[in-house]
Amino acid sequence: MEIIPILSSLRKHRIPSLLIVLEIALACAVLCNAMFMISQRIDDLRLSNGMDESGVSVITVEGTAPDQAANAIPRDLAALRAIPGVQAVALTNSLPLTDNAWENGFSPRPGEQHPVNTSAYFLTQSGDRTLGLKLLRGRLFSDDEYANGKLSSNFTAVGHVVVITQSYAARMWPALDALGQTLYSASGDSYQVVGIVADVIAPSLNINTGNRNGAYWCAFFPMAPVDGLNNFVVRSAPGDRDRIIREATQALATMEPAAVVKGRTFTAIRDAYFAGISNMIWMLSLVCAVMLVVTAFGIVGLSSFWVRQRRRQIGVRRALGACRMQILGYFQTENFLLTTIGVLVGMGLAYAANNYLFEHYEMSRMPWFYLPASAVAMWVLGQLSVLGPAISASSVAPIVAMRSN
Amino acid sequence: MIGYYINLAGRSLRSHKVLTALMVMTLGLGIGACITTLTVLKLLSGDPLPEKNGQLFYPQVDPFPADRLAAAHNKPPPIMTYTDAMNLVSARKARHQAAVALVSAKVMPQGTGAQALTQRPFFSDGVIATADFFSMFDVPFKYGSGWSAADDQNRAPVAVIADTLNNRLFGGGDSIGRTIRINDRDFRIVGVTKAWAPQPRFYAQELGGRSYGDGDGVFVPLGSALAAGMSPQQVNCFADSDVSKLETASCTWLGVWVELGTPDEVTAYRDFLGNYAQQQISLGRFHRSTIALTELGQWLRDKHVVPDDVRLQTWLAFGFLLVCVVNAVGLLLAKCLRRSNEIGVRRALGATWREIFTQFMVEAGMVGLVGGLMGLVFTELGLWCIRNQPAQYAGLAHLDLEMFLVTFFFSAAVGLIAGVLPAWRACVVSPAPQLKAA
Numbered sequence: 378m379e380i381i382p383i384l385s386s387l388r389k390h391r392i393p394s395l396l397i398v399l400e401i402a403l404a405c406a407v408l409c410n411a412m413f414m415i416s417q418r419i420d421d422l423r424l425s426n427g428m429d430e431s432g433v434s435v436i437t438v439e440g441t442a443p444d445q446a447a448n449a450i451p452r453d454l455a456a457l458r459a460i461p462g463v464q465a466v467a468l469t470n471s472l473p474l475t476d477n478a479w480e481n482g483f484s485p486r487p488g489e490q491h492p493v494n495t496s497a498y499f500l501t502q503s504g505d506r507t508l509g510l511k512l513l514r515g516r517l518f519s520d521d522e523y524a525n526g527k528l529s530s531n532f533t534a535v536g537h538v539v540v541i542t543q544s545y546a547a548r549m550w551p552a553l554d555a556l557g558q559t560l561y562s563a564s565g566d567s568y569q570v571v572g573i574v575a576d577v578i579a580p581s582l583n584i585n586t587g588n589r590n591g592a593y594w595c596a597f598f599p600m601a602p603v604d605g606l607n608n609f610v611v612r613s614a615p616g617d618r619d620r621i622i623r624e625a626t627q628a629l630a631t632m633e634p635a636a637v638v639k640g641r642t643f644t645a646i647r648d649a650y651f652a653g654i655s656n657m658i659w660m661l662s663l664v665c666a667v668m669l670v671v672t673a674f675g676i677v678g679l680s681s682f683w684v685r686q687r688r689r690q691i692g693v694r695r696a697l698g699a700c701r702m703q704i705l706g707y708f709q710t711e712n713f714l715l716t717t718i719g720v721l722v723g724m725g726l727a728y729a730a731n732n733y734l735f736e737h738y739e740m741s742r743m744p745w746f747y748l749p750a751s752a753v754a755m756w757v758l759g760q761l762s763v764l765g766p767a768i769s770a771s772s773v774a775p776i777v778a779m780r781s782n
Numbered sequence: 004m005i006g007y008y009i010n011l012a013g014r015s016l017r018s019h020k021v022l023t024a025l026m027v028m029t030l031g032l033g034i035g036a037c038i039t040t041l042t043v044l045k046l047l048s049g050d051p052l053p054e055k056n057g058q059l060f061y062p063q064v065d066p067f068p069a070d071r072l073a074a075a076h077n078k079p080p081p082i083m084t085y086t087d088a089m090n091l092v093s094a095r096k097a098r099h100q101a102a103v104a105l106v107s108a109k110v111m112p113q114g115t116g117a118q119a120l121t122q123r124p125f126f127s128d129g130v131i132a133t134a135d136f137f138s139m140f141d142v143p144f145k146y147g148s149g150w151s152a153a154d155d156q157n158r159a160p161v162a163v164i165a166d167t168l169n170n171r172l173f174g175g176g177d178s179i180g181r182t183i184r185i186n187d188r189d190f191r192i193v194g195v196t197k198a199w200a201p202q203p204r205f206y207a208q209e210l211g212g213r214s215y216g217d218g219d220g221v222f223v224p225l226g227s228a229l230a231a232g233m234s235p236q237q238v239n240c241f242a243d244s245d246v247s248k249l250e251t252a253s254c255t256w257l258g259v260w261v262e263l264g265t266p267d268e269v270t271a272y273r274d275f276l277g278n279y280a281q282q283q284i285s286l287g288r289f290h291r292s293t294i295a296l297t298e299l300g301q302w303l304r305d306k307h308v309v310p311d312d313v314r315l316q317t318w319l320a321f322g323f324l325l326v327c328v329v330n331a332v333g334l335l336l337a338k339c340l341r342r343s344n345e346i347g348v349r350r351a352l353g354a355t356w357r358e359i360f361t362q363f364m365v366e367a368g369m370v371g372l373v374g375g376l377m378g379l380v381f382t383e384l385g386l387w388c389i390r391n392q393p394a395q396y397a398g399l400a401h402l403d404l405e406m407f408l409v410t411f412f413f414s415a416a417v418g419l420i421a422g423v424l425p426a427w428r429a430c431v432v433s434p435a436p437q438l439k440a441a
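Protein chains in written order, with the numbering used here: chain A, 378 to 782; chain B, 4 to 441.
Quick caveat, the hints were computed from the structure, so don't treat them as lab data.
Some hints could be false.
[To be verified] Here are a few chain A residues that face chain B, going by a calculated C-beta distance under 10 Å:
1. Ile392
2. Leu396
3. Met414
4. Gly482
5. Pro485
6. His537
7. Asp554
8. Glu624
9. Ile654
10. Gly675
11. Glu736
12. Ser741
13. Tyr747
If you're wondering where the values come from, they're calculated on a predicted model, not measured in any experiment.
Cβ coordinates follow ideal geometry from the N, Cα and C atoms, glycine included.
When you get a sec, could you build the whole thing from the sequences and use the hints?
Right, here's the structure in full:
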């Protein structure tokens with residue numbers, strides 16, 4: 378219908394049309410990649426964690442004399458249990474997202490060349506209950522297993538049982554039932570898998586790699602209260618956490634004058650770990666929003682100039698019987714055509730940019746649906762920003778055509 | 004003439020205030036985003052020790068057992084065992100050589116009386132190293148100096164502390180000879196450094212420390228630290244071993260740095276390292292002869308010290324600037340073409356196309372410069388935001404003179420580039436039809 382006259386009119390205004398196409402193409406390419414980066418980071422923020430995140434607080438006691446651990450730890454545990462509101466207390470070597478990684482190499486068969494790097498959590502009695510681990514299959518540790526667990530000289534567990542996460546079970550024995558299998562350490566120790574729990578995050582994600590495969594490769598070992606485990610985990614109702622941390626740090630600091638005592642809720646640990654990522658999300662969103670606004674203003678600017686230049690032509694059309702809707706439709710269609718060309722070029726650019734980033738940076742490939750999604754966004758943006766100039770075009774009175782200018 | 008054009012441009016810009024504001028803001032945002040990310044990128048990828056550029060090298064050897072690879076592609080492990088590190092340091096084949104590890108040092112303030120009871124111990128970032136650390140890395144001293152090789156040998160309980168720690172513990176006075184209690188042992192202070200915090204903190208790579216931020220607080224001789232039972236931040240064991248006896252354990256935990264002045268010295272050191280690996284193979288300690296000797300700058304690139312996010316942000320900022328420039332070109336063009344009548348009249352009255360071109364370039368340049376000023380404001384705003392982020396490098400994000408000048412010329416250039424197309428379109432306007440239409 379109107380396409381042919383629109384095209385021939387665009388051919389007369391090559392440079393402004395090219396500018397709109399270029400602007401749409403660049404905005405589309407940047408938008409695609411920025412949206413993809415945002416969504417990847419939102420995935421990180423939402424990383425699920427199979428423990429009671431909102432009820433757990435951690436009191437870290439560092440710098441105590443190692444030889445006094447045997448007496449001090451039971452006393453400290455008792456002091457923590459005595460604080461009103463505390464539901465359970467245990468010791469552990471590390472916690473998710475604390476960057477305090479204790480990694481051991483394990484393999485599903487003895488003597489493999491490439492053991493799987495595994496984050497080891499050592500828990501003392503009732504540690505499973507304190508952390509709120511969600512048992513999926515099998516069992517948790519018995520009192521005997523807790524009492525007999527020791528830390529070897531190279532920081533591995535002395536013992537024979539292990540509880541592993543769901544993802545780790547799938548990694549080690551993809552085709553078999555992991556329950557009852559044996560895990561072999563590089564130094565020749567072996568541990569039987571007695572239980573499988575819901576995925577718990579490792580102490581440290583390799584934040585820059587974008588590869589989250591190892592995030593859940595964790596194994597839990599039972600341990601007696603020994604030196605080297607310096608995180609007291611306290612579980613309570615969420616509302617009691619601040620008071621309990623205050624009282625607990627005070628109590629432990631008094632009993633351990635030589636130690637550095639620090640208390641935090643697990644929620645605070647998680648927030649601190651992901652603070653950089655959530656900032657990046659805000660930054661990227663801001664850039665996207667500003668860019669869309671800038672692009673919209675660009676389209677408005679060029680289109681209004683355009684409309685003004687063609688007032689006479691519009692007047693003639695109106696005088697010859699075109700109704701307002703037809704004039705409006707003309708400019709909307711014109712913008713749609715330009716945006717479509719821009720979007721096609723932009724999708725190519727977006728793909729090329731993603732490809733470059735994929736090869737040179739730790740970025741994954743963009744799923745295909747980002748391309749059509751940002752194309753739709755560009756169409757909507759184009760139609761909305763041309764609406765104003767188009768309406769002002771449609772209100773040009775036919776009398777304009779009769780005047781000399 | 005230029006003065007007249009500036010006057011004209013000023014009038015024209017003032018007469019379309021909204022359009023002018025839009026162009027200036029657009030360019031300002033684009034320039035601001037670019038300069039902010041470039042400043043951060045420049046800070047993070049800087050040379051930590053410019054005066055030793057190209058002279059510091061990081062050797063690696065491979066002590067892993069035959070059935071275990073240290074890393075993909077048969078590369079040697081990133082850090083060394085105590086045995087290898089000490090062999091390389093005591094061989095003294097380079098101008099300077101030092102073995103380094105990081106510790107978390109618990110420092111006990113030594114107040115008196117009631118003060119002592121209320122003061123709690125605190126952790127300070129610590130370096131344990133051999134004597135050459137200070138001379139090789141040009142650490143500046145406020146009082147005293149580093150320890151001697153003899154102190155390394157005798158495992159003397161001496162320490163060097165940083166200015167900041169000296170202020171906190173001793174009120175900034177000359178504390179040479181005084182005692183500092185680190186990890187419940189007494190050390191005698193032999194030196195106080197001036198503020199020293201190379202960015203990136205290159206020697207901390209692979210040793211379990213952060214890459215940017217404040218300098219270290221405490222420096223202790225490697226042997227003395229082991230005698231005092233300090234344990235390094237990063238210990239990677241490749242065989243069953245007792246981690247409490249780090250001197251003999253099959254664990255890597257030390258980084259070694261050497262200073263080599265000339266290419267000949269580098270070649271000689273590489274040969275020495277190759278021979279060392281061969282010799283260790285014949286002794287049965289090593290199973291692979293792979294070695295590496297990497298220059299500091301290359302080592303930092305290999306280790307991806309600059310976070311990928313920062314580079315991605317820079318790319319994104321340039322994409323954004325491009326959108327902004329195209330937008331400014333569009334708006335300038337629209338404005339230009341709207342003034343076709345005026346141009347026609349000027350041309351008819353004798354202005355050459357060159358003069359028209361200059362006039363419009365002056366206008367575009369002014370938009371660029373004002374946009375640049377806005378860009379400077381946006382840059383300061385952006386850097387302020389970064390300083391308030393929880394990143395390690397947050398505190399470093401300041402605009403320096405160099406980047407300030409870059410911003411200025413950059414924005415003028417951006418303005419002129421954006422102006423070329425509209426100015427060209429303006430000067431090819433033929434006078435006759437315009438006059439007729441008017």
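Evaluation of the provided hints:
{"no.": "1", "hint": "Ile392", "result": "holds (7 Å)"}
{"no.": "2", "hint": "Leu396", "result": "holds (4 Å)"}
{"no.": "3", "hint": "Met414", "result": "holds (7 Å)"}
{"no.": "4", "hint": "Gly482", "result": "holds (9 Å)"}
{"no.": "5", "hint": "Pro485", "result": "violated (17 Å)"}
{"no.": "6", "hint": "His537", "result": "violated (17 Å)"}
{"no.": "7", "hint": "Asp554", "result": "violated (29 Å)"}
{"no.": "8", "hint": "Glu624", "result": "violated (17 Å)"}
{"no.": "9", "hint": "Ile654", "result": "holds (9 Å)"}
{"no.": "10", "hint": "Gly675", "result": "holds (4 Å)"}
{"no.": "11", "hint": "Glu736", "result": "violated (13 Å)"}
{"no.": "12", "hint": "Ser741", "result": "violated (12 Å)"}
{"no.": "13", "hint": "Tyr747", "result": "violated (15 Å)"}
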